[in-house]
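From just these sequences and the hints, can you work out the full model?
Taken in order, these protein sequences are the chains called E and R. Residue numbering for the first sequence follows my numbering, beginning at 1 and increasing consecutively. Residue numbering for the second sequence follows my numbering, beginning at 382 and increasing consecutively.
Treat the hints as calculated values from the structure; they're not laboratory data. There's no promise every hint is true.
[What the hints assert, rightly or not] Distance windows between CB atoms, simulated:
(1) R:GLY393 <-> E:SER126: 53 to 63 Å
(2) E:LYS195 <-> R:ASP401: 36 to 46 Å
(3) R:ASP400 <-> E:GLU128: 50 to 60 Å
(4) R:VAL404 <-> E:LYS195: 33 to 43 Å
(5) R:PRO462 <-> E:LYS380: 50 to 60 Å
(6) R:GLN444 <-> E:ILE381: 50 to 60 Å
(7) R:LYS486 <-> E:GLY119: 41 to 51 Å
(8) E:GLU113 <-> R:VAL404: 47 to 57 Å
(9) R:VAL404 <-> E:THR320: 47 to 57 Å
(10) E:ASP121 <-> R:GLY393: 41 to 51 Å
(11) E:THR320 <-> R:LYS486: 28 to 38 Å
(12) R:GLN444 <-> E:MET242: 26 to 36 Å
Glycine residues also receive a C-beta, built at the ideal position from the N, C-alpha and C atoms.
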Amino acid sequence: MASVNIKNKADIVIIGSGVIGNAAAYYLSKAGKKVIVLEKEDNIGDGGSTRNGGGVRQSGRHPAELKLAMYAVKNLWPNLSEELGEDVEYYQEGNLRLGKTKEHLKILEEIVESGKKGGLDLGMISGEEAREINPYLSDEVIGASWCPTDGHANPLKVTLSYYKKARELGARFITAQNVKRIGKVRGSARKVITKNGSVFEGDKIILAAGYGSRSIAQKIGIDIPMKQVLLEVLVTEPRPPMFYQMLGTAAADFYGHQSKHGSFVFGGTSGMDAYAVEDENNPTLSKTAPSICRGIIKYFPVLQDLNIIRTWGGYIDDCTDHIPVISNVEEVPGLIIACAFSGHGFGISPAVGLLLSEMALEKKTTLDIKPFHYDRFKTKI
Amino acid sequence: MAKISDRSINLGSFIKREDDSIVICRCEEITKGEIREAIYAGMFTFQEVKKFLRTGMGLCQGQTCEKLVKNIIAEELNISPLETGAAKGRAPMRPIPMRILANDKEGS
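In structure tokens:
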């Protein structure tokens, strides 16, 4: 076994500098631990963490994930800008999920029912009530679900501000470190070996590399059933403030918000996203942005003359049951996995970062992590 | 390619300069001083500075400021502008109204 340079030893080695890895690095550095973060790309936070629509939403979540979202919204998001010393552009102005047909209302009612059961302040409102909250809505909207404590933030600022603050506190970040495998010492995960031959060592290893986590975990005998799916976002030219609610639709045509900058950031799908060619440059499909635009115009005709400035794509790590893996790996002590966030990891990232830090410190976790166990997946027969 | 991989290099403390008030990104009105400060905060590539500050995110999409921003990063980190990482081009080439982009279906 190769000997490890003392510089490459830490209390915790984190694989992946996305919002999850960076948040964990921050909370662990704050607790006085020595942390090394390894990133495959040349840029910090190059994956879905800085490519998403920025929703900080509790409504519409799986009951288990809802608890993480509610905790984050109550305890972490409101102070995050102050804590990180950077404006992360968090707005808590509510979430409107819009419906135009009876079928849509049925979908919304189910979402409302599920959220209420979890203790969330969420209700159905009429089209008129929705237009009182957001006067720019089309008359075609006949109802909506309304969660007043939902919101949005700037994912680029959040991801990079966690990095900035963790770095300030002494965490060592290294880019262009494509992890080949995790090495065991006496049965426990201890080493991280990269493709360029570097070896890192930690008492705990947190694997938070999005879809990239799968092949790394496989080499140590763990398989997380997830796949890469392309999601796309577009951004418009800026406008003076019109509204700050987070928006979504029952039909999932599009979602998004107006940012602090004034531009509108809208994400969406065309239905062909799961079959896009995988490519490291995250290319967009030519048909998706037009499809998102048609969705927006149906609900917000007033925005149709706005210029689209840019479109981009990013991959989500979609899990077979659409909730994340946030788990200690009992059969490989020392290994903690955090991946498969299925496209809704950003809003819960501060809570997940906190939980990961508690797991790495072997403390009792603030919230129950059992529903996110790595070994929960069962075949159909 | 981005040259610097280990982000714990110490650049010392940020000291203001006389030309810090020069506007580098005209679309988003971002100054040289703001860019220098972001580099000191750990943003070592063109993409990181862009995502942190919005340089190159405006109407011209960096066609004016990309080279300038790369030169500033290169100077502060003592590397070549070619070693500050690539900027990615994305559709559309020029700003295009939503209603026109939406109209890619024949007969609609």
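The hints, checked one at a time:
1. For the hinted restraint 53 to 63 Å between GLY393 (chain R) and SER126 (chain E), the CB-CB distance of approximately 60 Å keeps it satisfied.
2. In this structure the hint that LYS195 (chain E) and ASP401 (chain R) lie 36 to 46 Å apart at CB holds, the actual value being about 40 Å.
3. Range check, ASP400 (chain R) to GLU128 (chain E): about 56 Å between beta-carbon atoms, so the 50 to 60 Å window is met.
4. Range check, VAL404 (chain R) to LYS195 (chain E): Cβ separation about 42 Å, and the 33 to 43 Å hint holds.
5. The supplied range of 50 to 60 Å is met by PRO462 (chain R) and LYS380 (chain E), whose beta-carbon atoms lie about 55 Å from each other.
6. Distance hint for GLN444 (chain R) and ILE381 (chain E): a CB-CB separation of about 58 Å, consistent with the stated range 50 to 60 Å.
7. The supplied range of 41 to 51 Å is met by LYS486 (chain R) and GLY119 (chain E), whose beta-carbon atoms lie about 44 Å from each other.
8. Checked against the given bound of 47 to 57 Å, the beta carbons of GLU113 (chain E) and VAL404 (chain R), roughly 53 Å apart, stay inside it.
9. Between VAL404 (chain R) and THR320 (chain E) the beta carbons are some 50 Å apart, a value that agrees with the proposed interval 47 to 57 Å.
10. Remark: the range hint 41 to 51 Å for ASP121 (chain E) to GLY393 (chain R) is upheld by a beta-carbon distance near 49 Å.
11. Remark: the range hint 28 to 38 Å for THR320 (chain E) to LYS486 (chain R) is upheld by a beta-carbon distance near 33 Å.
12. Evaluation of the 26 to 36 Å hint for GLN444 (chain R) and MET242 (chain E) yields a pass: the beta carbon distance comes to about 28 Å.
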